[in-house]
Amino acid sequence: MIATLKNNNWLLVKVIVLVTIVIPVGFIAYKFISTGQDSIVIFEDFPTYLSILIILYYVLLILFGIGWIVLQLKSVLSLKNANRKNELLHLQSQVNPHFFFNMLNNLYGLVDKDSEKAKELILKLSDLMRYSIYEGEKKSVSLEEEVAYLKNYIELHKMRYHKSINIKFDVDLGDKKHQILPLMFIILLENAFKHGVENLRENAFVSIKLRATKNNISFEVENNFDAEEISKNKGIGLQNLKRRLELVYPKKHILTFKEKESIYKAKLVLEL
Numbered sequence: 001m002i003a004t005l006k007n008n009n010w011l012l013v014k015v016i017v018l019v020t021i022v023i024p025v026g027f028i029a030y031k032f033i034s035t036g037q038d039s040i041v042i043f044e045d046f047p048t049y050l051s052i053l054i055i056l057y058y059v060l061l062i063l064f065g066i067g068w069i070v071l072q073l074k075s076v077l078s079l080k081n082a083n084r085k086n087e088l089l090h091l092q093s094q095v096n097p098h099f100f101f102n103m104l105n106n107l108y109g110l111v112d113k114d115s116e117k118a119k120e121l122i123l124k125l126s127d128l129m130r131y132s133i134y135e136g137e138k139k140s141v142s143l144e145e146e147v148a149y150l151k152n153y154i155e156l157h158k159m160r161y162h163k164s165i166n167i168k169f170d171v172d173l174g175d176k177k178h179q180i181l182p183l184m185f186i187i188l189l190e191n192a193f194k195h196g197v198e199n200l201r202e203n204a205f206v207s208i209k210l211r212a213t214k215n216n217i218s219f220e221v222e223n224n225f226d227a228e229e230i231s232k233n234k235g236i237g238l239q240n241l242k243r244r245l246e247l248v249y250p251k252k253h254i255l256t257f258k259e260k261e262s263i264y265k266a267k268l269v270l271e272l
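Each residue of the sequence shown is one higher than the last, beginning at 1 in full-length UniProt numbering.
If you're looking for bench data, these hints aren't it; they were derived computationally from the structure. Warning: the hint list may mix true and false statements.
Claimed, not checked - With a Cα cut of at most 25 Å, we get these calculated DMTMM-like pairs of lysine to aspartate or glutamate:
hint, residue 1, residue 2
1, Lys158, Asp170
2, Lys265, Asp170
3, Lys74, Glu120
4, Lys194, Asp175
5, Lys252, Glu116
6, Lys214, Asp172
7, Lys242, Glu135
8, Lys176, Glu116
9, Lys242, Asp114
10, Lys176, Glu155
11, Lys139, Asp226
12, Lys151, Glu137
13, Lys124, Glu137
14, Lys209, Asp175
15, Lys139, Asp172
16, Lys194, Asp170
17, Lys260, Asp175
18, Lys158, Glu222
19, Lys214, Glu120
20, Lys151, Glu190
21, Lys151, Asp114
22, Lys151, Glu135
23, Lys139, Glu202
24, Lys177, Asp114
25, Lys214, Asp114
26, Lys163, Glu202
27, Lys139, Glu198
28, Lys194, Glu135
29, Lys117, Glu202
30, Lys139, Glu116
31, Lys158, Glu120
32, Lys74, Glu222
33, Lys163, Glu190
34, Lys265, Glu198
35, Lys163, Asp226
36, Lys163, Glu116
37, Lys265, Glu116
38, Lys158, Glu144
39, Lys113, Glu135
40, Lys251, Glu198
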């Protein structure tokens, strides 16, 4: 991209120099050939010719300048879009590593104890990884696909834990045609399990609500947690989410967090 900008600048310089030389010489040559006048007569009228040439030169210079500015703006916008896309892909590739590592560790110990359950977990895990890798690179996915991914994620967690967990997922897709950025909600859900369920020995709960209307999508996650076991790295995934929202939904999203009496609530609203 930088090389292209330099080539365009150099091309513009060559064109301006060429125009500066060719127009005056060509004009004088034309007068010699078309009128048959000698150089003395032509140069007697040179002030008039010079004025015309100067005006023509500056008109061409302005046109070339406008063209150059437009070209530079297009190049800069193209570069920004490329950088934005690369950053977005990088951020999306960082989603879910903690969960996948934990699941692989659990599978290692489960293979000998319960091979049938291990096989089932492997199939579900492969579906999640496939979605994260292939769908995660897309510009957008359907809201229904994202909901199916969240449900698989929840089911895998239910199979993973040996303790009782109260999980509710309330979905109301009033408008199923919405397309959204892939892996948009998973970080909020993952935080509920990572910082809530995993640190509680009993009475853990996660409540998820997803609403879709014509103009917006609302995703809400509420969970209880052990105040003494709050992770210091809690904000890493959230920073990832915030940056992706800034890139794709600038000024069209509301992300809020509330914490009260060992209950944590995260809510994301996307304006469409």
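Item to check | Enumerated hints in conflict with the structure, sorted upward | outcome: Violated hints: 3, 4, 5, 8, 9, 11, 17, 19, 23, 24, 25, 27, 30, 32, 37, 39 and 40; rest satisfied.
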